[in-house]
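**Q** Sequence:
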Amino acid sequence: MRVLLTGHRGYIGAVMAAALGQAGHEVTGFDTALYEGCTLGELPALAASVQKDIRDVTSDDLRGFEAIVHLAALSNDPLGCLNEASTYEINHAGSVRLAKAAKSAGVERFLFASSCSLYGAAGDAILDETAAFAPITAYGRSKVFVEQEVALLADDSFTPTFLRNATAYGYSPSLRADIVVNNFVGIAMTTGEVVMQSDGTPWRPLVHVQDICQAFLAVLDAPRSAVHNEAFNVGSTMENYRIRDVAEIVRAVIPGVSIRYAAGAGPDPRCYRVDCSKIQRHLPSFRTEWTVKRGIVEMYEAFGRHGITADQFGSFVRLSRIRQLMASGRLDESLRWQSTSVLA
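Take 1 as the starting number for the sequence shown in my numbering and just add one per residue.
There may be inaccurate statements among the hints.
Claimed, not checked - Cut-off 27 Å, straight-line C-alpha distance, at most; resulting in silico cross-link-like pairs (BS3-like, lysine-lysine):
1) Lys293 to Lys278
2) Lys103 to Lys52
3) Lys52 to Lys100
Said to hold, decoys possible - Between beta-carbon pairs, the in silico distance windows are:
4) Thr190 to Met326: 32 to 38 Å
5) Arg294 to Ser157: 39 to 45 Å
6) Val195 to Met326: 24 to 30 Å
7) Asp124 to Ile259: 19 to 25 Å
8) Arg224 to Asp60: 22 to 28 Å
9) Gly304 to Ser157: 45 to 51 Å
10) Ala121 to Gly64: 25 to 31 Å
11) Gly24 to Ser277: 43 to 49 Å
12) Gly64 to Ser225: 20 to 26 Å
13) Arg63 to Thr191: 47 to 53 Å
14) Gln197 to Pro255: 39 to 45 Å
Treat the hints as calculated values from the structure; they're not laboratory data.
The model shown is predicted, which means the values in this text are computed figures rather than measured ones.
Cβ coordinates follow ideal geometry from the N, Cα and C atoms, glycine included.
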């Protein structure tokens, strides 16, 4: 297919671009380049790309594409809380605008990177896709709003699919340090300890970035009837972990690491476990290949190869990057570029 990949310079996008190309798809990237230069390795080369804010997309940008893989967003809870109005403008309104423009342009498939964050404060129950939404942040709420509104656009010529990714981890050349597995490994390697910001009891479903990409590929390859206006939890039901258990795996993999609880560390209201059996029923070819332990080993080896330092690892925190760009005057308060140069 001819595929437009939004957010192709992001954490998942850098891996997705390579996976789509390897699968034989013709990929064009679409990204505003907020994280240009925040790399640990080489980004995949694309034949074509567009540098543009998702809030400014038009139908003309989308003509000729058969599918859109939509990843572009403010990517986590802390960043989403920096400016909630911009979070809704980008993640919610921008995504709905993209979907409407895609339908108008004749794009047949729209794959939306949703999130298990929309389940929010759910406790210990294992949730499938019929569970009630309970988001507790602007990021999580934005995902709910997009799913609800884009689902109404579905018809015989337009097929949206909502992939509710578990919390991602694993190596990407466009690295993120602010997701739990990556964070624990990087901090452990650069300081010798895992620092727990909560009491470690909350549950998280975890999924490797490469497994996320394989889920999107499976949706693109699937018969329309299997994925039309469907939502899927993306991950493995076996890969739900308490945060403290992730820390213990890091300690077991990396020599000499200790675990420390931050002062005042207490319960985190973000707590949810998910059932991922639906995606395997609808897409029998899809199976996750990674476990958290294997991913921790991968990250440990990748960070070792690159000789990562504490300062370098800290530069991969998305919130820190955005604050730096705002403080320098290159982004305004609505997170729009204020200069023609976007290179780090």
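**Q** Indicate, hint by hint, whether the structure satisfies it.
**A** Do the hints match the structure? See the list:
1. Lys293 to Lys278: 24 Å, holds
2. Lys103 to Lys52: 19 Å, holds
3. Lys52 to Lys100: 17 Å, holds
4. Thr190 to Met326: 32 to 38 Å: 26 Å, violated
5. Arg294 to Ser157: 39 to 45 Å: Hint holds: Cβ distance 41 Å, inside 39 to 45 Å.
6. Val195 to Met326: 24 to 30 Å: 26 Å, holds
7. Asp124 to Ile259: 19 to 25 Å: With a Cβ separation near 22 Å, Asp124 and Ile259 satisfy 19 to 25 Å, so the hint holds.
8. Arg224 to Asp60: 22 to 28 Å: Given a distance of about 25 Å, which is inside 22 to 28 Å, the answer is holds.
9. Gly304 to Ser157: 45 to 51 Å: 50 Å, holds
10. Ala121 to Gly64: 25 to 31 Å: For Ala121 and Gly64 the Cβ distance comes to about 43 Å; the hint is violated.
11. Gly24 to Ser277: 43 to 49 Å: Check failed, 29 Å falls outside 43 to 49 Å.
12. Gly64 to Ser225: 20 to 26 Å: Check passed, 25 Å falls within 20 to 26 Å.
13. Arg63 to Thr191: 47 to 53 Å: Holds: the Cβ-Cβ distance is about 50 Å, inside 47 to 53 Å.
14. Gln197 to Pro255: 39 to 45 Å: Given range 39 to 45 Å: violated, Cβ gap about 24 Å.
The structure does not agree with the numbered hints 4, 10, 11, 14 stated previously, though it agrees with the rest.
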